[in-house]
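Trainee: Using the hints provided, position chain B relative to the given structure of chain A.
Quick note, the sequences are listed as chains A and B, same order. The first sequence finishes on residue 134 if you use the UniProt record's numbering, and the numbering steps up by one all the way, no holes. The second sequence finishes on residue 134 if you use the UniProt record's numbering, and the numbering steps up by one all the way, no holes.
Simulated from the structure, these hints should not be mistaken for lab results. A portion of the hints provided could be inaccurate.
As the list makes no split between identical chains, a pair holds if one copy fits it or if it spans any two.
[To be verified] Below, a list of computed lysine-lysine pairs in the DSS-like style, where the Cα atoms sit at most 27 Å apart:
id: 1; residue 1: Lys8; residue 2: Lys92
id: 2; residue 1: Lys23; residue 2: Lys8
id: 3; residue 1: Lys99; residue 2: Lys17
id: 4; residue 1: Lys115; residue 2: Lys17
The structure presented is a predicted model; accordingly, all values stated were derived computationally and were not measured.
Now for the letters of each chain:
Number of protein chains: 2
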Amino acid sequence: MIIKINAKVKPTEDSEKVLNAIKNIFMDIKTEFDENIIFCESKNVSRFKELLRSQAILDAARNVLERNIIGNRTKFYINKQAAYSGLLNFDKDIHGGIKLEFIAEEGEDILKLLKDIAPRTRHGVIIDEDEEDN
Amino acid sequence: MIIKINAKVKPTEDSEKVLNAIKNIFMDIKTEFDENIIFCESKNVSRFKELLRSQAILDAARNVLERNIIGNRTKFYINKQAAYSGLLNFDKDIHGGIKLEFIAEEGEDILKLLKDIAPRTRHGVIIDEDEEDN
Numbered sequence: 001m002i003i004k005i006n007a008k009v010k011p012t013e014d015s016e017k018v019l020n021a022i023k024n025i026f027m028d029i030k031t032e033f034d035e036n037i038i039f040c041e042s043k044n045v046s047r048f049k050e051l052l053r054s055q056a057i058l059d060a061a062r063n064v065l066e067r068n069i070i071g072n073r074t075k076f077y078i079n080k081q082a083a084y085s086g087l088l089n090f091d092k093d094i095h096g097g098i099k100l101e102f103i104a105e106e107g108e109d110i111l112k113l114l115k116d117i118a119p120r121t122r123h124g125v126i127i128d129e130d131e132e133d134n
Numbered sequence: 001m002i003i004k005i006n007a008k009v010k011p012t013e014d015s016e017k018v019l020n021a022i023k024n025i026f027m028d029i030k031t032e033f034d035e036n037i038i039f040c041e042s043k044n045v046s047r048f049k050e051l052l053r054s055q056a057i058l059d060a061a062r063n064v065l066e067r068n069i070i071g072n073r074t075k076f077y078i079n080k081q082a083a084y085s086g087l088l089n090f091d092k093d094i095h096g097g098i099k100l101e102f103i104a105e106e107g108e109d110i111l112k113l114l115k116d117i118a119p120r121t122r123h124g125v126i127i128d129e130d131e132e133d134n
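Isolated chain A (complex conformation) (with noise of 0.2 Å):
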């Protein structure tokens, strides 16, 4: 899975605090400027897991990366200064947000890498899906 970040970065704002907030909900970026847009790409998807279990947020974040979902690929915003403190909300941000593309690559299922990344809970436990189906 390739993970597509950007984010503005507005007049009043530092690039290094924006980036800084990239950088606190994810890790191994490549980092590109382009004026006033920072652009970030990223395979490792593993802190960004970590948060949603830690906030217990995995419905809430299974249901806004699955709404958003068109082709091989979700789109979804999360919010900036959220990110600056190293917490994950998926609120849209008077900043306007961090833009987040999670894209599935040749032969992945991107339903299926969303139920890696945010399973299923009952009760705050997560739960065998597949086995739920039957």
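Mentor: Chain B in isolation, oriented as in the chain A frame:
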């Protein structure tokens, strides 16, 4: 007249950039930082007046200034991002804006002050309102 100015500095913002936005609009400011808020005070409204004239927004400004009078003062917001570019814009922006308070001092009349700051115009030319009233 006393001008009180305050602006929040959001986590991804640079406090110096926010201060520069304020300095583009007001000269001779006294500044205090309190955690994530910048408080400033000035008695110099000349650049603000100049900008209203050079941007030809006297009537729009007068409406905003008068609409928000409470007692001897008027409170309103200007756009922080526009201010950073040296422009006056009375739309509170997505960063929360810069909050302004113009306070009439002992012996001053807030309505007269605002007439001087933002006189009415007709076809872009400043008119003498007192004459018009007769």
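Trainee: All hints are to be evaluated individually against the structure, with a verdict given for each.
Mentor: Right, here's what the structure says about each hint:
{"no.": "1", "hint": "Lys8 with Lys92", "result": "both (12 Å within a copy, 19 Å between copies)"}
{"no.": "2", "hint": "Lys23 with Lys8", "result": "both (15 Å within a copy, 24 Å between copies)"}
{"no.": "3", "hint": "Lys99 with Lys17", "result": "both (16 Å within a copy, 24 Å between copies)"}
{"no.": "4", "hint": "Lys115 with Lys17", "result": "neither (31 Å within a copy, 43 Å between copies)"}
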